[in-house]
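Novice: Here's the letter readout for the chains.
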Amino acid sequence: MTAVTYLEAISQAIREEMRRDESVFLLGEDVGTYGGAFKVSAGFLEEFGPERVIDTPMSETAIIGSAVGAALMGMRPIAEMQYIDFITCGFDQIVNMACKMYWRSGIPLPLVIRGPTGGGTHGGPFHSASPEAWFFHTPGIKVVMPATTYDAKGLLKAAIRDNNPVLYLEHKLLYRLPELREELPAEDYIVPLGKAIIRRYGRHMTILTYGAMVHQCLRAAEQLAAEDGLAVEVVDLRSLTPLDRETIKESVKRTNKVLIVHEDTLTGGVGAELAALLAEELFDYLDGPIMRVAAPDAPYPYAPSLEMAYLPGVERIVAVARQLAAY
Amino acid sequence: MTAVTYLEAISQAIREEMRRDESVFLLGEDVGTYGGAFKVSAGFLEEFGPERVIDTPMSETAIIGSAVGAALMGMRPIAEMQYIDFITCGFDQIVNMACKMYWRSGIPLPLVIRGPTGGGTHGGPFHSASPEAWFFHTPGIKVVMPATTYDAKGLLKAAIRDNNPVLYLEHKLLYRLPELREELPAEDYIVPLGKAIIRRYGRHMTILTYGAMVHQCLRAAEQLAAEDGLAVEVVDLRSLTPLDRETIKESVKRTNKVLIVHEDTLTGGVGAELAALLAEELFDYLDGPIMRVAAPDAPYPYAPSLEMAYLPGVERIVAVARQLAAY
Amino acid sequence: MSEAERANLLLQIYYYMRLTRAMEDRTRTLFLQGRIVGGVYTAQGHEATTVGAAMTLRDGDCIVPQHRDLGMHLVRGVSPRAVMCQWLARGNAPTLGRDGQLHIGDMHHGVVPMISMLGESLPVACGVALVMKMRRRSTIVLATCGDGATSTGAFHEALNFAAVQRLPVVFVIENNGYAYSTPTSKQFAIEQLSQRALAYGMPGESVDGNDVLAVMEVVGRAVDHARSGQGPALVECRTFRVRGHSEADKADYVPSALREEWLARDPIRRFEEYLTAQGLLTAESRREIESRVRAVVDDAVAFAEASPLPDPATVGDYVFAPDGPIAIVGEPGATDPRYVNALDTRTGRPFCTMSQVEEAVTRL
Amino acid sequence: MSEAERANLLLQIYYYMRLTRAMEDRTRTLFLQGRIVGGVYTAQGHEATTVGAAMTLRDGDCIVPQHRDLGMHLVRGVSPRAVMCQWLARGNAPTLGRDGQLHIGDMHHGVVPMISMLGESLPVACGVALVMKMRRRSTIVLATCGDGATSTGAFHEALNFAAVQRLPVVFVIENNGYAYSTPTSKQFAIEQLSQRALAYGMPGESVDGNDVLAVMEVVGRAVDHARSGQGPALVECRTFRVRGHSEADKADYVPSALREEWLARDPIRRFEEYLTAQGLLTAESRREIESRVRAVVDDAVAFAEASPLPDPATVGDYVFAPDGPIAIVGEPGATDPRYVNALDTRTGRPFCTMSQVEEAVTRL
Ligand SMILES: Cc1ncc(C[n+]2csc(CCOP(=O)(O)OP(=O)(O)O)c2C)c(N)n1
Ligand SMILES: Cc1ncc(C[n+]2csc(CCOP(=O)(O)OP(=O)(O)O)c2C)c(N)n1
Ligand SMILES: [Mg+2]
Ligand SMILES: [Mg+2]
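Chains as they are written, first to last, in the numbering used here: chain A, 8 to 334; chain B, 8 to 334; chain C, 2 to 365; chain D, 2 to 365.
These are computed hints drawn from the structure, not numbers from a lab. Cβ coordinates follow ideal geometry from the N, Cα and C atoms, glycine included. Hints are not guaranteed to be accurate.
Stated by the list, open to error - In silico contact screen, one side only, chain A against chain B (beta carbon under 8 Å); selected entries: (1) His-129; (2) Pro-146; (3) Tyr-196; (4) Gly-276.
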């Protein structure tokens, strides 16, 4: 068995689910002949034919709307956004049509919307989106964001098998990262939605994070251990909705200090809710302010020099963690 | 001079700005002949003619997009969403076209998007939206939400004169509320964007709120004063972006306890950011957990019995405030 | 079809048109009495279009109706009781009081629930049709929208996608002259909305939407086209909204001569005259139908009024569907209760938009 | 126009076509050298369409270009230096390094900055045209999109709104056979995209997009129509994307015979042959133009490479525009520096997309 990339894990998850279940199919721009802008579905058209791997016109509303219609019929469509940024062109279908369907009608909507998220790839303001906060705030859709190759596959399989709309956000910076190559189990597995994982244990503080930032935080934790003797716990949320409040709270009860890190912009981001949750429910356990590291409240910039300054990095995480530790 | 309603204040603001400045114009569905679904622009067509009061087809993307184009030309368009719920159909124009324009190009975009927001009017899941959190999280757009008749006029005038996209959220429950009738100054005035106001002073706790909930909170504060002898301070944020962090922090420094109330759903709402801000910057001042009262994480329901249970009301606010006071 | 069968069919059509009108008249009364809160949309004058279009369908077909399509719901077997429970926001309404109006559906009976964002149902119709095509069915989807909704981006994306994929879907535009207060002259710059078909490469026809037999013929042709695997078709039914946009709208922006003109073309009266002239409708059969209609409406209202209000304690519930297997709708065994989409898992009971539970009262 | 004027004009067109090609060739080299990061879109084969369409415009007109419209930018006076600063993401680029590619604009020179969401510029074009109509100007807007973008809801809403409002806007579709890897057969089910005009009640024509004079004639006709106050018009320019979608795309999904066929119709070579046959282009004038083109491109690249990178300390800046008066663009005095939109308030300097600052080098 060979170690595969994060991207291959995604590809495997879809392929295996399509083999396992005839109700699973894929639609989106350039997913067929081309195999997807990032080649996630390379070879799928040949294997599954044009009815299960559908090249659509450039019509995000039609893509998501058709997926909703198919899900109403009991199929399990996977709608690809070529870049997740374009999800804004199908926004109404998600927040008004899909998110409220089961609640209103009792008809389940087993539907996955997925696409490449995040920055670090010089994509500029329209190809680097972290759209999770909009949907995290919208009841009726699950939101997941894998940080590892194992999770990429397991969470996607769980998303496909879920009976609700799931927004599956894959981080394009991780797609082919050599360090993320992993040997995956030969047997079928899922990573359940709604379960965080502690990537590193420590008693001095908890870092709550998700997506590509998990790796920055782990690096920061190592540096803090080596240089400051700090034992930093790193919690990878994996799912934003449902949010694993238990794991979060248990960790903070042990460490009593919290740093929240995300790539998305600060104000009104997912980190705000994490802080609010803890400031409300764990007030007595907190031995210091709840700190956040996130992108500034500005659109995502193109020039590499700006991009570097925009993205939270190890240096900033370490600096803020030191402040918090010293509190 | 007679006391006018919240709705009339909105109407006055637009009319006066259109008289004052030929670059101001209004477009949207049924704003002309009909005078708007809620009659905000009744009589405007007669006064300003069809080129400045434009009845559009049912095309939210074209409405907002055209407003962007006109703003690029230096006009000050006001785009009406018939109900703010339909803003989801023009979402991309706002978050990608409008919000990033000045930042990318240096071209200012003096543009107001406004519409009836909120619940309590039996509008059901598609006519009761509180969409502020999506835009609060999106850099490049200001977001305001008046709670009083005076502010409705003053904030709208400030929004129209602002050189940026402004989302002006009028609460339709307040439109014709007799208690909100107010005599307005004869002279021109604005309420500056980004300034909160303390509606009621008190030293035992701060309630942070905005929109129609201001009135629920004031009623709760009165009850808490009468029944519990508690002096509750009520801060009406008025603007969400820019957020008046100063006023918020000064109040909390004095009261040391915070309750946040909004009509929008809880998770990832504006209240989360308020809590996060305080948990980070005012940790030492807090004498108790930061509590939140908001709608449950579910879509907005239609049946009056459900609607009553869904909306935060005086009873719940009082109950939570008592818990907090007793902490 | 034999003479007798034809006579029967025509009377059935007449019954549904009358039932639709009567249900809406009663709904209006309930609204005026303050017993329905929120917006009430009715469709006096649309009955030939809604009933006629729906009469062209078969078992397994699916409708994707909009806010004025009560006639379609009724023809396709949606229960008048369910409709009245919905209007009165009862706890046993199809949406359990979560949503209002005709925002109801049930896939096992081929009805897709609409949302208020008009136009947005059309891409969903494509998805349903896509599955029919994948599963090699000979069923079709009938999706409607108003003249107003043709201006939405969703309309365009749906019609284009349906054409490219040759989906079995018929798009029916109910052009009733206005979108709220906005006349068609402020909505589009073409004569007939069926011309939109030219932009997609599908057949398009316009028809007098107040002539039920003409509607059946033209929509029927489009349905045959779609059913035969040749892809989508577009039909514009030209009718008129003779009342306000909602029951709260006096609609004084509509020139009264125009309204009068269309009132004179009332589709039910026209069909009555036709049936009478053909000797198919007698004073007696008319009385009989009227009393049946009244019984159904009375029953529906009584049932709804006796129904419980939603339980406020459930206000945070039903946001997510439970785990478990999902059936492909329309396949054998799809209503086996082990499937999460076989029964309404919110209540554990069958989906309640359909009339078989009350067959005796409501079916012909 | 005199013979000499005509000859001059034709050589000017030729110059712009060559300049466009040469700028893109150089851009590709920079990309291959790793000096441009992110996606690079070029438009070999589009030059007759982009240059020809833009040549029909006058002062005060406005373009709303998309990602392959470098030719339009250049004809309308956008500076090659600005373009190269943009590609190289310099701190003095029109977007100050915030955005890449041709996402640049300057309203005082009639260029609306695009975003990546294709189709979404078209409603914006309507807004610009609306202002021209309100201000009783005889100027027009030329807005473009690809075949792919015609499938977006924004396309539909914009064309319909323009038609209803009779806006002075010309929509040019650059049908280059593909949207990324998706051939037109998977995008729409009609023969010619100009048929879309029938759905809106505006004139529509298709033209050979590789024949610059034909493009000028047909787009010119549409521009005249719009300028005369008769409302919008649609033109489909039929061309081909002979390279990949981006420079990172090998495009092996394009049948090579098809690509060869279109390569043989290269618009620049065709125009060269025409000019040569007409005796307007000699070996000498061609050399002269080539050296001018090369000088401009060299200058632009040198200028850009010598330009500073954006200052990382500014990463949170420029999210909101400052207070102050705003001028209506195109009115007398609109560039008075007291207006917030007269100068680029991010830098306090004039907007930097336009070439007057470097006239000597770049203008004919
Ligand atoms: C996307 C969207 N925008 C705005 C509205 C508000 N609205 C409700 S009904 C209506 C007019 C609908 O006109 P039409 O489609 O012709 O249907 P009709 O009511 O005439 O049957 C409008 C603008 C809406 N429902 N959906
Ligand atoms: C709304 C939207 N969806 C998806 C994309 C991703 N995308 C970038 S270019 C492209 C194809 C564009 O095709 P076309 O409009 O024909 O322009 P061309 O590149 O052929 O000139 C796609 C799908 C996008 N830019 N915008
Ligand atoms: Mg209508
Ligand atoms: Mg193309």
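Novice: Are the hints correct? Go through all of them and say.
Specialist: Against the structure, the hints come out as follows:
no. : hint    : verdict
1   : His-129 : violated, 16 Å
2   : Pro-146 : holds, 5 Å
3   : Tyr-196 : violated, 29 Å
4   : Gly-276 : holds, 6 Å
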